[in-house]
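2 protein chains.
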Amino acid sequence: MKIEAIDLFYVALPKIERSADGTQDSLVVRVRTDNGLEGWGECDASPLVSMAAYVMPMSHSNIINIREALLGETLDSPEDVIRLRAKAGEYGLDIQQLDHAVAGADIALWDVLGKHLGEPVWKLIGHDASYKKLPYASVLFGDDPAETRSIAESIIKRDFRAAKFGWGPMGKGYLEDDIALVQAARDGLGPYAKLMVDAGVIWGDNVDAAYQRAVAFANLDVTWLEEPLRSEEVGAYKELSDRVRANGISIGIAGGEGADFYRSADDMMTNAGLDFVQIDVGRIGGITEAKRVADRAHELGIQYVNHTFKSHLSVAASIHVFAGYEEFDLTEYPAGESPLILGLTEPTGIFRDTDGFVRASEAPGLGVEANLDAIRQYQRHVKMEIDGQALFKSDEP
Amino acid sequence: MKIEAIDLFYVALPKIERSADGTQDSLVVRVRTDNGLEGWGECDASPLVSMAAYVMPMSHSNIINIREALLGETLDSPEDVIRLRAKAGEYGLDIQQLDHAVAGADIALWDVLGKHLGEPVWKLIGHDASYKKLPYASVLFGDDPAETRSIAESIIKRDFRAAKFGWGPMGKGYLEDDIALVQAARDGLGPYAKLMVDAGVIWGDNVDAAYQRAVAFANLDVTWLEEPLRSEEVGAYKELSDRVRANGISIGIAGGEGADFYRSADDMMTNAGLDFVQIDVGRIGGITEAKRVADRAHELGIQYVNHTFKSHLSVAASIHVFAGYEEFDLTEYPAGESPLILGLTEPTGIFRDTDGFVRASEAPGLGVEANLDAIRQYQRHVKMEIDGQALFKSDEP
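The listed protein sequences correspond, in order, to chains W and V.
Using the numbering used here, the first residue of the first sequence is number 3, and each one after it goes up by one.
Using the numbering used here, the first residue of the second sequence is number 3, and each one after it goes up by one.
Derived from the structure by calculation, the hints contain no laboratory data.
Glycine included, C-beta positions come from ideal geometry on N, C-alpha and C.
One or more hints might be untrue.
Which chain V residues face chain W? A few, computed with CB under 7 Å, are given here [stated by the list, open to error]:
1) Ser48
2) Gln99
3) Val384
Each pair of labels, with its calculated beta carbon distance range [to be verified]:
4) V:Leu177 - W:Glu92: 19 to 27 Å
5) W:Tyr194 - V:Arg34: 54 to 62 Å
6) V:Thr76 - W:Ser252: 45 to 53 Å
Please construct the entire structure, taking both the sequences and the accompanying hints into account.
This is the structure we're talking about:
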């Protein structure tokens with residue numbers, strides 16, 4: 003089949019709050035083929051900046067837009083998707099935003115190919131099986147310990163067996179404030195649920211500050227401390243990780259969501275001493291590149307975990323990536339209430355089974371469908387014009 | 003003083019050719035302050051995608067545009083520029099294009115601060131002196147050896163004492179074709195001029211292919227082989243570099259222009275075995291971040307060289323970065339004829355002295371001024387609109 007159209011949908015809540023909540027908008031990408039099929043994908047990225055990467059004028063042979071690279075191309079096999087992902091990367095070699103933007107198209111290509119061939123994406127990318135994963139509810143800390151505890155209690159009421167708390171006041175006060183927040187999360191979850199902490203790069207390059215928290219949080223049975231340091235501080239990560247291991251502190255160090263391309267993730271895995279590498283399929287350039295990271299993590303004995311804070315298009319895409327690795331048994335599962343993000347794939351989604359686990363679907367493609375009504379409801383209509391000529395006008399759902 | 007406006011100018015030749023020639027368009031950035039001063043900078047990036055990063059709507063607290071981060075801010079000292087660059091990085095933590103886009107503003111901030119304080123940028127960023135650099139004419143290979151030789155001869159006629167040839171047919175045929183091209187360049191330059199070769203990432207991850215060229219080109223007295231491999235192939239670079247050294251092959255391995263942020267350059271310096279690290283100030287987020295790379299290269303004993311293929315705003319900004327390191331004695335100097343790129347700073351520029359060297363200016367700021375007439379002549383007028391409301395309209399020069 004041939005790729006006939008790549009449609010871009012910028013959707014957003016009417017009012018965007020200034021919090022670390024990525025469920026307030028999204029860029030949804032639809033690929034249409036000449037045999038009437040449609041595939042869907044989603045970027046975790048600035049929608050407008052990413053749209054520009056699909057349509058902007060050529061600057062030279064290494065700055066050519068994504069639509070130009072993909073439209074009219076043949077798509078019949080997994081090798082075609084890999085070839086097209088590489089082609090978009092060559093056309094856009096000097097577009098920094100390329101990876102964030104092309105992620106949505108790459109996911110949509112796998113989805114439509116799966117529908118065409120009648121296979122789930124996890125099979126197409128080389129997995130033999132789709133293993134169950136324990137979903138952890140991914141939420142923000144409350145503004146204080148009391149609110150955090152009540153959030154934790156509500157997570158248990160919703161039958162989650164694992165939760166990650168992040169951002170909010172973490173690291174903005176004193177050590178004892180941070181401990182009180184995590185203690186409140188542990189108290190609310192009870193002793194049996196898994197608890198993870200996301201520090202949102204708050205300690206910059208301060209290894210001592212991060213190490214103090216690692217020790218304190220390990221006492222509260224925290225599985226991992228995520229992004230204690232800025233992504234670029236690879237040497238500091240290594241120092242932290244070495245110190246944690248040398249002192250027998252029982253907590254993992256996690257990071258990697260800031261990796262926008264394969265080598266950046268590989269750098270973190272090879273040089274930062276990570277125990278868990280967290281990859282956002284909507285940032286790192288899609289399923290094709292995320293799968294490379296999962297394969298490499300398997301080789302290195304590091305646990306791959308998805309980073310996901312968008313709709314179930316992204317949840318599904320993320321789980322296909324590492325479906326076949328039984329040892330990668332945890333999955334980030336957005337547990338917020340954003341009507342935009344929930345609505346985007348209603349009534350489909352990756353839902354928990356009666357034991358509380360999720361797994362990648364056996365249905366062709368991603369196994370999750372976009373909801374056109376939600377796109378219509380939340381769509382932001384974009385126009386771009388150069389020298390009086392239309393360059394882009396939002397597509398019709 | 004306060005930052006009152008950040009103006010964005012997308013300029014381009016009327017017709018863009020599909021070649022690796024980055025002098026066909028540019029994004030020029032002007033910062034205006036409340037005391038009537040102006041600073042200028044330039045990005046080496048897709049203009050439209052980068053403009054979007056200055057004006058796009060907020061997605062959440064880690065996707066906030068560059069104008070929002072900088073407008074109204076205080077700018078009185080070098081510490082302010084460093085603080086503002088960090089602030090833009092935090093506001094745009096999850097905007098992949100951030101570094102390419104903010105580069106222009108960062109350069110403009112240093113320029114306007116220099117004018118305000120009456121100091122050249124190299125002093126403000128901590129150098130004690132501005133040493134001379136040998137400029138190498140940076141050109142593309144001709145389509146065949148004869149054309150390449152004639153380009154080399156024209157470079158010598160223009161009194162250059164060093165030249166770099168890149169892209170074109172290099173690596174697209176057989177080993178002997180590549181050797182013939184480089185032999186032609188050497189013949190045209192004569193035996194005394196320095197010759198560098200830029201392979202434009204053509205051998206991907208093929209260390210053997212790159213090594214064969216390294217050996218052959220060393221016999222033609224080539225100073226460095228640049229980007230023989232894809233940037234992400236850090237392990238392959240290291241293997242190549244180790245093999246070249248172990249066998250006593252007298253040629254340097256160069257790379258780094260693909261580094262869009264500090265850690266990416268540090269990764270190349272630390273793990274790829276580079277002899278020369280080539281940094282584009284218009285991609286890596288401006289003078290502030292490029293200076294960090296120069297300092298680190300100095301520590302590691304790797305030679306820092308600028309990568310520059312835009313106007314003299316970028317040439318000037320690039321040279322300020324490493325002005326005070328006497329041992330970093332080579333500078334990439336665009337030698338093309340693009341009327342756009344030459345016109346953008348006419349009649350100012352960083353010109354060769356009678357001995358053929360260039361150095362960073364002693365004048366306040368960058369020491370190079372933008373030419374408003376050229377901006378008017380080549381400006382592409384952009385409009386972006388969301389839900390019928392104007393988001394951006396090209397600024398008036």
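- [ ] Check each numbered hint from earlier against the structure, then list the numbers of those it violates in ascending order.
- [x] none
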